[in-house]
Amino acid sequence: GAVVSQHPSRVICKSGTSVKIECRSLDFQATTMFWYRQFPKQSLMLMATSNEGSKATYEQGVEKDKFLINHASLTLSTLTVTSAHPEDSSFYICSARDREQGKGTEAFFGQGTRLTVV
Amino acid sequence: QKEVEQNSGPLSVPEGAIASLNCTYSDRGSQSFFWYRQYSGKSPELIMSIYSNGDKEDGRFTAQLNKASQYVSLLIRDSQPSDSATYLCAVKTSYDKVIFGPGTSLSVIP
Chain E
5 GAVVSQHPSR
15 VICKSGTSVK
25 IECRSLDFQA
35 TTMFWYRQFP
45 KQSLMLMATS
55 NEGSKATYEQ
65 GVEKDKFLIN
75 HASLTLSTLT
85 VTSAHPEDSS
95 FYICSARDRE
105 QGKGTEAFFG
115 QGTRLTVV
Chain S
6 QKEVEQNSGP
16 LSVPEGAIAS
26 LNCTYSDRGS
36 QSFFWYRQYS
46 GKSPELIMSI
56 YSNGDKEDGR
66 FTAQLNKASQ
76 YVSLLIRDSQ
86 PSDSATYLCA
96 VKTSYDKVIF
106 GPGTSLSVIP
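Taken in order, these protein sequences are the chains called E and S. In this text, residue positions in the first sequence follow the numbering used here: the first is 5, and each later residue adds one. In this text, residue positions in the second sequence follow the numbering used here: the first is 6, and each later residue adds one.
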């Protein structure tokens with residue numbers, strides 16, 4: 005399958021600081037990338053959908069000013085958690101859909117980022 | 006009603022047995038269905054995708070889809086201890102979002 009690279013895999017930051025997470029599609033162009041959050045023993049919750057060159061679409065209850073998403077190119081999307089607080093500690097996962105394979109195709113996941121805010 | 010539902014488990018089966026995982030969804034217009042496996046602390050990995058009614062087999066895995074009943078299942082034959090993980094059902098809805106179920110925890114007992 006296609007490769008999606010996500011960095012960093014683990015980050016610890018102080019409360020009040022911002023953290024940027026990168027998601028790259030390495031061998032395909034991704035028109036759409038998805039950002040998920042997963043709390044322990046819970047399923048993936050979709051946070052937002054980003055399309056290259058346009059603003060992200062956020063799910064209900066997700067603060068767009070806190071979780072800044074940028075999808076400036078067909079191979080890179082970033083999620084910035086601004087003014088992080090301990091309750092933002094979670095596993096953040098990105099996924100990307102291959103433009104060439106059409107809308108019916110499954111999305112491929114990055115390795116995930118474990119964020120801990122202290 | 007949640008969009009994608011699964012039995013949370015845990016489901017325990019002996020090694021070599023068939024594990025059966027079930028999933029229902031609410032959006033009747035959904036067209037694409039996926040099963041992912043997730044080990045603790047890791048990102049999900051795709052096992053199967055299915056788009057048409059009926060069965061789809063890939064090695065020890067068989068996905069079954071019944072759109073009329075809004076039901077998807079995954080069968081794992083000859084279960085191995087390495088299959089112990091959480092299995093996530095995902096549905097691409099008619100509004101083009103991939104929604105995940107809560108996952109079913111599977112434990113294969115040697």
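Calculated from the structure, these hints are not laboratory results. Among these hints, one or two may not hold up.
[As the list claims (entries may be wrong)] Here are the simulated DMTMM-like cross-link-like pairs (lysine to aspartate or glutamate), alpha carbons at most 20 Å apart as the crow flies: (1) K102(S) - E63(E); (2) K61(S) - D83(S); (3) K7(S) - E26(E); (4) K47(S) - E26(E); (5) K59(E) - D101(S); (6) K45(E) - E26(E); (7) K45(E) - D101(S); (8) K68(E) - E26(E); (9) K102(S) - E50(S); (10) K102(S) - D92(E); (11) K47(S) - E67(E); (12) K7(S) - D32(S).
Status of the hints after comparison with the structure:
1. K102(S) - E63(E): holds (10 Å)
2. K61(S) - D83(S): Roughly 17 Å separates the two Cα atoms, so the pair holds.
3. K7(S) - E26(E): Violated, because 30 Å separates the two Cα atoms, which is more than 20 Å.
4. K47(S) - E26(E): holds (17 Å)
5. K59(E) - D101(S): Distance of about 16 Å is within 20 Å: holds.
6. K45(E) - E26(E): violated (24 Å)
7. K45(E) - D101(S): violated (26 Å)
8. K68(E) - E26(E): holds (17 Å)
9. K102(S) - E50(S): holds (18 Å)
10. K102(S) - D92(E): violated (23 Å)
11. K47(S) - E67(E): Given that 20 Å is the threshold and the Cα spacing comes to 26 Å, the pair is violated.
12. K7(S) - D32(S): holds (10 Å)
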